[in-house]
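A.B. asks: Those sequence lines, one after another, are chains A and B. For the first sequence, the numbering used here begins at 493 and goes up steadily by one. For the second sequence, the numbering used here begins at 374 and goes up steadily by one.
Read the hints as simulated data drawn from the structure, not as lab findings. It is possible that some hints are incorrect.
As the list claims (entries may be wrong) - In silico SDA-like pairs for lysine to any residue, Cα to Cα no more than 20 Å straight-line:
1. K644/A with S988/B
2. K644/A with P1099/B
3. K616/A with D814/B
4. K616/A with M816/B
5. K644/A with M808/B
6. K616/A with A809/B
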Amino acid sequence: MTHDSDHYVLDVNGAPREVTDSWLGESLLDVLRDRLGLIGTKGACEQGECGSCSVMVDGVLVCSCLVMAAGAVGQPIQTIEGVAPVGAPTDVQAAFVEAGAVQCGFCTPGLIMAVHDLLERTPKPTDTEIREELAGNVCRCTGYGRIIEAVKQVSVARRGRPS
Amino acid sequence: MTTVETRVETSLSPRAGTIGTSPTRPDGIAKVQGSFEFSSDISADGCLWGATLRSPHPHARIRSIDVSAAWKIPGVETVITAADVPGQLTYGLIAQDQPVFADDVVRYVGEPIAAIAADHPETCRRALEAIVVDYEVLEPLLDPEAAIAGTLGPIHPDGNVIRHQRIVCGDPAVTGEITVEGTYEIGMQDQAFLGLEAALAVPDPGGKGVELHVATQWLHEDQGQIAACLDLPVDAVRLVLGGVGGAFGAREDISLQVHTCLLALRLGRPVRIAYSRAESFLGHVHRHPATIWMRHHATAGGEIVKIEARMVMDGGAYASTSSAVLVNAVTHTQGPYRCPNAVVDGYAVRTNHLPCGAMRGFGVVQACFAHESQMDELARACGVDPVDIRLRNAMHTGDPLITGQPVLNVAPVERCILDTAALPLPDAPVGGHPMAEGVIDAMQLPGGAGRTADRSDVVRGIGWGVAIKNLMYSEGFDDYSTARCRLAEGVVTLKFATSEVGQGFVTIAPQIARTILGVDDVRLDRIDTQVGSAGSTSASRQTWMSGGAVDLACRTVRERMFEHVGRIHGVDPLRLGVDGTDLVDTVSGWRLSVVEATAGVEFDETVEYRHPETSDLDENGQGNCHTAFAFVAHRAVVDVDPELGLVKVVQVATAQDVGRALNPLSVLGQIEGGIAQGLGLAVMEEIVQIDGVIRNGNFTDYLLPTFLDMPEVVATLVEEPDPYAPLGAKGVGEPPCISSTPAIVNAIRDALRQVDGVGRPLTRVPVRPSDICL
């Protein structure tokens, strides 16, 4: 298409990623998925209500559908693909699978990002804290019960590990 | 149906990964790592983006469509309208009444008129804006009663009444000593799956066929409808299941399938369409809004004598599955209770609202809200406890429905109620646990921290809901399922077209194979149309139907294996059984591992599994129209602030009739997830249309239950294996979202009654703050 386009470089999962011929109106979500092929980040509402597109930008959990991609230049971006190598899931990812926290799985990558962020900031969350912190991530399949169970399992397991 | 002798497994405790255990999902790691490919993630080299132009009017005549300006936009490759549809111009699951593109009249806001393909989604948006449609706006038909009365002319050649079904059972003139009646309304609920509609169509060279990767509930039904519209042989349209991000009924109908294929075939290039959330609200069918009048007649002791009801369901502009939804609603009028006499009149009608069709619960959700509200009224009128009134009337195996059909399945209604009653009530006090001595935790109050209730105003209520739900398709439909099982070198490969939408069929299918064949290594082939139909992933039917097909395919392969081993090793095949991962001669004790037994040979069987035939209803609504039934009870505990009209659901307890839990963790996931959707309908979720225009088609305004809205769920499984189910296992997907809704509303009524002794009628869901405020 004919449009205002630009070249810029994003710092994604520890590597520079060049974005070429992008329309400047593209969100970080669009660029991650459609230009950089990082399909693990999901879009489901385009208005920051569901949390499916959660990524870390400069250490802050954000909805990538609400961030202009060109505005994220110069800030480290972590997506679900940068959380752990394929086939070597984190404790949170493993707990989600074991606890039955995954059904259709569409909300899951965003929730994995949010749970890692939650447990980094609040290693021993109460039930209410888990619910409050994750209330920006909508899941339509599970009713949340098994997700809360997975978060609790990781929180308990981490207390037993050497710091 | 092929019959195979049933053999009894000789193992006493289940082996890991077999039936009754809870192995993890085979797609689990990919899903948590973001590498699982959903339909919206699939692309192809040279792929274009497609987009759809939709009507802004609920009812209008199209005078002209001018697409010339869209063609001139750089990057636009094609623009198509109804004139470009080579085959059948309409589609539909039961009646083919819905146009691929409207060409003369539009009948709802969001009806497709044209589609374009271009190089970028933004080009698509600009091109759609450039299309000029000249409309003559017509008066919309928005009142379902007007559709019945015929006060406006037909808005569709098929007429405004999609189906009228009455039921007359027993003595219609009989009356009871006690009568209670009410009129109940159910709002339009959206399935709101997270994975938006998306598809990729790849045309064959020469345009003689197309391969469509799509998230759907029923590949073969889509295939047939698409082929008819494309004027291609069915085999030339090959469907592959794209990863499905939830379904809940909304993917049973065609949405973008035909449009995507048309664009790709027109251009000879791959085309993908991905709906936005706003478009998704317009692009799929919803749960029928309904108005239900119901009157119960009972003895002074509370025994139901007769039920009268009139149900009106708004089907919206096109038929979809409205006729089947209506039959489900009217045939479930009595709920899970004995009822010797009934007069029921039901209508599914056409209006210029959004089309309605399948959503989890399929007509029974609406009926259940009415009958469970009525049961509480009846209890009060008789001076009986709400639990007692339900126990006194509870249905048993063999009891007839008001259609005359006997319930032949296990019907543990009493046990569901009693087991639910035995579950612990929440330990949190009214208003929730304090954060510390004397410090209230605002997050646990109705409304949360934002609109905090005064704890001293908060009142707790308890409510009940009990449900019956039919399983599988009804009225003579042959919804068979096909499965292929191959066993070679100790490895089983299963092939089926069963849509995995998140429910976990991909987990239980290998469990069945491991159990039947004594093999640990089970692989799943791609889910596509290269094998026979599995029927739809709906009606709580896939564990029974596709589970039955996989079970039968594995048993058939096992017979071939026994014959082979018998021949090679001189053993009578009839003496062979499977024990763990060995074949065993049940007389001599001789053993051979399945891996060794299958070295160098391959067994390959494809079977179809069918449920017993059902029949149509006659003009009085009599007939054995349903296949099987499941039951469930819910008890809800709510905290209510009657001044602010706020509700906090504190706990939902449930005992569900599951027959046999093939994977207990998956069953729990269905129970908790279904209750969340039932809670949504009770207090949050409704598509609002004003003058036929949707006003909240986005996730900011259409409220979905979050982590903070969902309460603790306490669940217990009633496991009484059903002799009619191939594995003893009933479907479990729909019951959780059926009686959870009335349980919550009955609990709110209970709370409000404590405030002033009268309470509020709350005859409409979702319950809004303005309905509650005293």
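A.B. asks: Between K644/A and P1099/B, does the CA-CA distance stay at or below 20 Å?
C.D. replies: 37 Å, violated
A.B. asks: Please work out if K616/A and D814/B have their alpha carbons no farther apart than 20 Å.
C.D. replies: Since the Cα atoms of K616/A and D814/B sit roughly 18 Å apart, the hinted pair holds (cutoff 20 Å).
A.B. asks: Would you mind confirming whether the straight-line C-alpha gap from K616/A to A809/B stays at or under 20 Å?
C.D. replies: 17 Å, holds
A.B. asks: For the pair supplied as a hint, K616/A and M816/B, is the alpha-carbon distance within the 20 Å limit?
C.D. replies: 18 Å, holds
A.B. asks: Hey, K644/A versus S988/B, does the alpha-carbon distance stay inside 20 Å?
C.D. replies: Roughly 50 Å separates the two Cα atoms, so the pair is violated.
A.B. asks: Does K644/A pair with M808/B here, judged by a C-alpha cut-off of 20 Å?
C.D. replies: This hinted pair holds, its Cα atoms lying about 19 Å apart.
When the structure is compared with the earlier hints, violations turn up for hints 1, 2 and for no others.
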